[in-house]
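Asker: Two chains, two frames, a set of hints: combine them into the complex.
Letter by letter, the chains look like this.
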Amino acid sequence: MNKNSSKKTPPVAASDVGRAAFCPHFLELKQQGHTPSKQAQYLMKQGSQAHADFNQSITRAKSKDKRCYIASYLYGIDDPRTESLRQFRDKKLLPHKAGRFFVSAYYRTSPFIITLAQKSSMINKLLNTAINGFMTKIKDLNNNKNKGDS
Amino acid sequence: MTFFDVVESMALQSYIMYIITIIAIVIYIFLLRGTPVKRPRLVWVDKSRKTKAFRNKAYGVSGKPDCIYKLADGYRLVEFKSRKSGIYESDRVQAKAAALAARGGSKYKITEILIQTKSTEELIPLNMSDEQLYQDIKYYIELAQKAHQGEPLKAIPEKRKCKYCAYVKVCTEKAC
Ligand code: SF4
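Residue numbers (the numbering used here), protein chains in the order written: chain A, 1 to 150; chain B, 1 to 176.
Here chain B stands alone, though its shape is the one from the complex (with noise of 0.2 Å):
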């Protein structure tokens, strides 16, 4: 076998392994395919105070998140806080509340939520109706409602809580 017969059959070989290579990929993405997913779009902002809050009648809870992406099955919520440390059971409550209100105020059917804080961030899924949402936060909605009726509020005095409190100087309750 003479030095091109090498140079010539080595040539060849990654000739072949080329076009294999190429075929297996070809085979891989039309024949093996998985299901095609969709990048989230972003769909509605919250631009500014004048932009209206989502409002669900059916179960009196109005709320405007800060902004929503489609994603291929649903729509994602997203929640920002503008603290540095974690999220707060708080936060959920409320973000869980905005997301009723976009259920039944709109044609967005959030599945999950993002809360984000400027360190962290939490996906929650949100795979229930409107009904177990409802129940999973009925109990603050109806504490919300007792306020605007002017109706005496439990406190929860807490010194983490208390000290950022903005009534905390009017507050007999206080834990600080």
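The shape of chain A in the complex, shown without the other chains (with noise of 0.2 Å):
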């Protein structure tokens, strides 16, 4: 390791390490002092937002509903793939009796599926698998339709 030369300079941010792997002429500009286009100024503004609500998001989460047990188990409670199961549920089974019968038998059975879970690591791997296989299915649908609206 180059302790000594990491001591002698300040440290260097990890989104430069970053962008050294991009193309490391663009650190040099930057390091000039040029400004970045007029385009590229509105994309950083537009990605500073996004992460502003994808943090906001997950801050929030934590103290709305937090049910979607099995997903809040493998994934976490506030993580991004559990609000996206959320979401799927509030916007694609409950608007439906079947959904909403489906959601209900879930709630029912989850939480003894989850101590399972928690006793086996065989079923917590099966587990793993099969909600996984879900969230991917979830992410083709939405990009399907995302297609089908541009």
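Below are the DSBU-like pairs computed for lysine-lysine, each with C-alpha atoms no more than 30 Å apart in a straight line:
id	chain 1	residue 1	chain 2	residue 2
1	B	Lys159	A	Lys38
2	B	Lys154	A	Lys45
3	B	Lys169	A	Lys45
4	B	Lys161	A	Lys30
5	A	Lys30	B	Lys138
6	B	Lys84	A	Lys137
7	A	Lys125	B	Lys70
8	A	Lys45	B	Lys47
9	B	Lys163	A	Lys139
10	B	Lys163	A	Lys45
11	B	Lys84	B	Lys159
12	A	Lys30	A	Lys45
13	B	Lys50	B	Lys146
14	A	Lys119	A	Lys137
15	A	Lys38	B	Lys50
16	B	Lys84	A	Lys38
17	B	Lys159	A	Lys30
18	B	Lys84	A	Lys92
19	B	Lys161	A	Lys38
20	A	Lys91	B	Lys118
21	A	Lys38	B	Lys154
22	A	Lys38	B	Lys169
23	A	Lys119	B	Lys109
24	B	Lys161	A	Lys45
25	A	Lys92	B	Lys118
26	A	Lys38	B	Lys163
27	B	Lys146	B	Lys159
28	B	Lys52	A	Lys38
29	B	Lys84	A	Lys91
Hint data in this document are derived by calculation from the structure and do not stem from the laboratory. Because the structure is a prediction, the values reported are computed rather than measured.
Answerer: Right, dumping it as structure tokens:
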């Protein structure tokens, strides 16, 4: 490790380390003080907003509806994947009678399934595979919908 | 055998089956159980611009991930990208640098990274020491340090990159 050189220079930001992998010359131009293009400034502003929204959504999720037991158990209560499963529940399942029945059956059985998964790593793995597969399906559905919209 | 005997024996049979099932579940849970698994818990979020970045003084890196989760046996760092397209090498390098910063500048010993875009995600296990992680991205850390010192750095022009590059107008090496 080059500890001596790192002591002399101030720490470099992780974002700059990432940019070095994107194109080192980018960093040189940035260091020279060039102004980023208007389009880039606009995109950066949008990116910061999206990040703020993302971070707010996971913080907010902590205080809202935390049910969605299995996903919360596997991914974490505030994980964006859990949040997208909650959205799927609210938008696709709850408006229909069959969907509501499924959701209530899910709420009744999932605490038991989680207890089983906590006790057994094999059931935990099975659950992981099933929910990950389901997540991929939801993502595909959303992507197809986005493509259709555009 | 009367009709009532048959009904009684059927009821008895289902009662016995019920008891056996319960006993089997209890035996499975308490005797054949595997390793208990804890669910991830959010422990750190980048709330605003004012949130302090992690700083690893030993390796000269600082970084602010989007959030950190506590896992049963470590910590997961999450790096969110607001774009719809896929994950690039630069995203992985940035997330690894942020993990190195968090490892040295906090109690969160990052053991895995989750990179997410609006369409995809990638989980990277970090089963390595700080030194190994540093060696993995050392080349890029040194490039960033050289940039800070004002050294000229080579361009890697590619149409895909230059098209969205913030300095495309002033760059003489651009590919488009
Ligand atoms: S425009 Fe120049 S600095 Fe930007 S990516 Fe292309 S070569 Fe690199």
